[in-house]
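Peer 1: Now for the letters of each chain:
Protein chains: 2
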Amino acid sequence: MRYARIAVAGQPVWGRVGERDIELLSGSPLTGTPDVVGTVPADGAHWLPPVVPPVFYAVGLNYPRHIAHAGATTPARPEVGYRANNALTGHRSPIVKPADVEGRFEAEPELVAVIGRTLRHATREEARDAVFGWTIGNDVSARTWQHQDRTFWRSKNSDTFKPMGPWIETDVDALAQTTTLRVNGETRAAFATGDMVFDPFAYIVAITRYLTMHPGDVLWMGAEAVCAIAPGDTVDIEIGGIGVLSNPVHPEGNPS
Amino acid sequence: MRYARIAVAGQPVWGRVGERDIELLSGSPLTGTPDVVGTVPADGAHWLPPVVPPVFYAVGLNYPRHIAHAGATTPARPEVGYRANNALTGHRSPIVKPADVEGRFEAEPELVAVIGRTLRHATREEARDAVFGWTIGNDVSARTWQHQDRTFWRSKNSDTFKPMGPWIETDVDALAQTTTLRVNGETRAAFATGDMVFDPFAYIVAITRYLTMHPGDVLWMGAEAVCAIAPGDTVDIEIGGIGVLSNPVHPEGNPS
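Chains S and B supply the protein sequences, listed in that same order.
All residue numbers for the first sequence refer to my numbering, where the first residue is 1 and numbers rise by one.
All residue numbers for the second sequence refer to my numbering, where the first residue is 1 and numbers rise by one.
Keep in mind that the hints were calculated from the coordinates and are not lab data.
The beta carbon of each residue, even a glycine, is placed where N, CA and C say it ideally should be.
Among the clues, some could well be false.
Not close to chain S: a few residues of chain B, all C-beta gaps over 12 Å, as computed [to be verified]: (1) R65; (2) A87; (3) A142; (4) Q148; (5) D149; (6) T151; (7) V183; (8) A206.
Covered stretches of chain S (chain B as the covering partner; in silico rule of three or more C-beta atoms under 8 Å from a C-beta of chain B) [to be verified]: (9) 15-29; (10) 66-80; (11) 84-96; (12) 155-161.
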């Protein structure tokens, strides 16, 4: 199943995405079994981030080639960081580059695990069972800020820097797929989605030793490759079996 | 006014706190003007965190004496970090010390600004107007983890490490108060709440240059002084004009 959130008359509504239509749901599939209350065409839908997480977890260095490229040390333990909900935006909505961003402005294509259960002290098997489904994230990063600031507050959490979607796919072997990053239709990177230092289940086991995870929490799994993006570009991230997250890049102040 | 969230029959309910009673409200005062739908005695109430924020902002080094004590450099700009909602707990609920925490385990008494409006590109005056009210936070920290981990994920975000409450006070000159930290009734620190490098309004102006803040977001303002806490202790943080946030410390595995 593919579950999405779309805007209907300005309000967020959950939907089940089919080939041509989206069945509108009476509530969240993360916390119950909602009824179908209507149908809209998928074409032209206003896609929202498929979930607004109670906690937004993000893994940093998790792909061997990215770690080597960054000149960093391979983590010995799964350690997680955080991103902020204000930065989320949906499929097809613009990534807005702030006017005063200088230097490298980059896309990072990431697999995202969406948690469907409350869990603490999870075993690896419980961690597997707790993943409701998978979506795609773009961890847009302004590198000069990332290096000069004490935290990632604006380098990775400015408004629109966290596109997520287009939907949550519940039936996919996400770690057996390929992640492809395209800019204006041209492939800029492709890597084995599952070639991680620690997989999502290892992270969930580690996190829940001390922290309770809740339905709707998201865990962004890091990227192997990044690429530069600029206003005027369209950035597509495809993960096999899930779909394509596509976002145009706009300059700040451009209302279109 | 004092607004709180309490558990009634296991469900979170907003309330307006009086001398002896809590008036139960039909909804959140952050997003509307709720009706009074009942009354319960304040004595024995089950206090929840007064808000579960969309984004949980936390200021690090913000008091000159704390910065000197930490051997750190005074920040030249207001830069904010994040904490995670799983760690929140309410007034009188236990702080649970994980069994494998070693070394310094400390309380940090903090003023908390609760945002009441959606704002972006705020002026200082708009920032002032956007603060709905003030509460108290305890930024409980496990220092060995804080120093050895790449992020603050478990050192500051383990379950129960972020007591907040007891309520949101809307009518107080919060920066003109004194913050007092007591362990088992004995004063361990007292400092001028407003003696900050950057005040809350400066932070809100800086944050909203790039990030949209929303009703319910919280901004923890840092601490001047910290003190050790241990299972068996009761930690009280008082800020004049707001109230007292009190939490016992339990060892992990103690169900009481």
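Peer 1: Would you check whether the claim that B:A142 is not at the interface survives, using Cβ distances to chain S and the 12 Å cut-off?
Peer 2: At about 9 Å from chain S, B:A142 fails to clear the 12 Å cut-off, so the statement is violated.
Peer 1: Against chain B, does the stretch 66-80 of chain S show at least 3 residues with beta-carbon separation below 8 Å?
Peer 2: holds (count 3)
Peer 1: Just double-check B:Q148 for me: nearest Cβ-Cβ distance to chain S has to come out over 12 Å.
Peer 2: violated (10 Å)
Peer 1: Closest CB-CB distance from B:D149 to chain S, is it above 12 Å?
Peer 2: For B:D149, whose nearest Cβ neighbour in chain S is about 6 Å away, the distance does not exceed 12 Å, so it is violated.
Peer 1: Given that the stretch 84-96 of chain S was listed as covered by chain B, double-check it with a C-beta distance under 8 Å for 3 or more residues.
Peer 2: holds (count 4)
Peer 1: Establish whether the coverage given for the stretch 15-29 of chain S by chain B is satisfied; the threshold is a Cβ-Cβ distance below 8 Å, and no fewer than three residues must meet it.
Peer 2: Result for this restraint: violated, n = 0.
Peer 1: Checking the smallest CB distance to chain S, is B:T151 really beyond 12 Å?
Peer 2: Incorrect as stated: the minimum Cβ-Cβ distance to chain S is 5 Å, not above 12 Å.
Peer 1: Quick one: work out the minimum CB distance from B:A206 to chain S and report holds if it exceeds 12 Å, violated otherwise.
Peer 2: Since the minimum Cβ distance to chain S is about 9 Å, B:A206 lies within 12 Å and the statement is violated.
Peer 1: Examine the stretch 155-161 of chain S: at least three residues should have C-beta closer than 8 Å to a C-beta of chain B.
Peer 2: holds (count 3)
Peer 1: B:R65: least C-beta distance to chain S exceeds 12 Å?
Peer 2: The claim holds: B:R65 sits with its nearest Cβ about 19 Å from chain S, beyond 12 Å.
Peer 1: Can we confirm that no CB of chain S comes within 12 Å of the CB of B:V183?
Peer 2: holds (23 Å)
Peer 1: Please verify that the nearest CB of chain S lies beyond 12 Å from B:A87's CB.
Peer 2: violated (7 Å)
The structure shown violates the earlier hints numbered 2, 3, 4, 5, 6, 8, 9.
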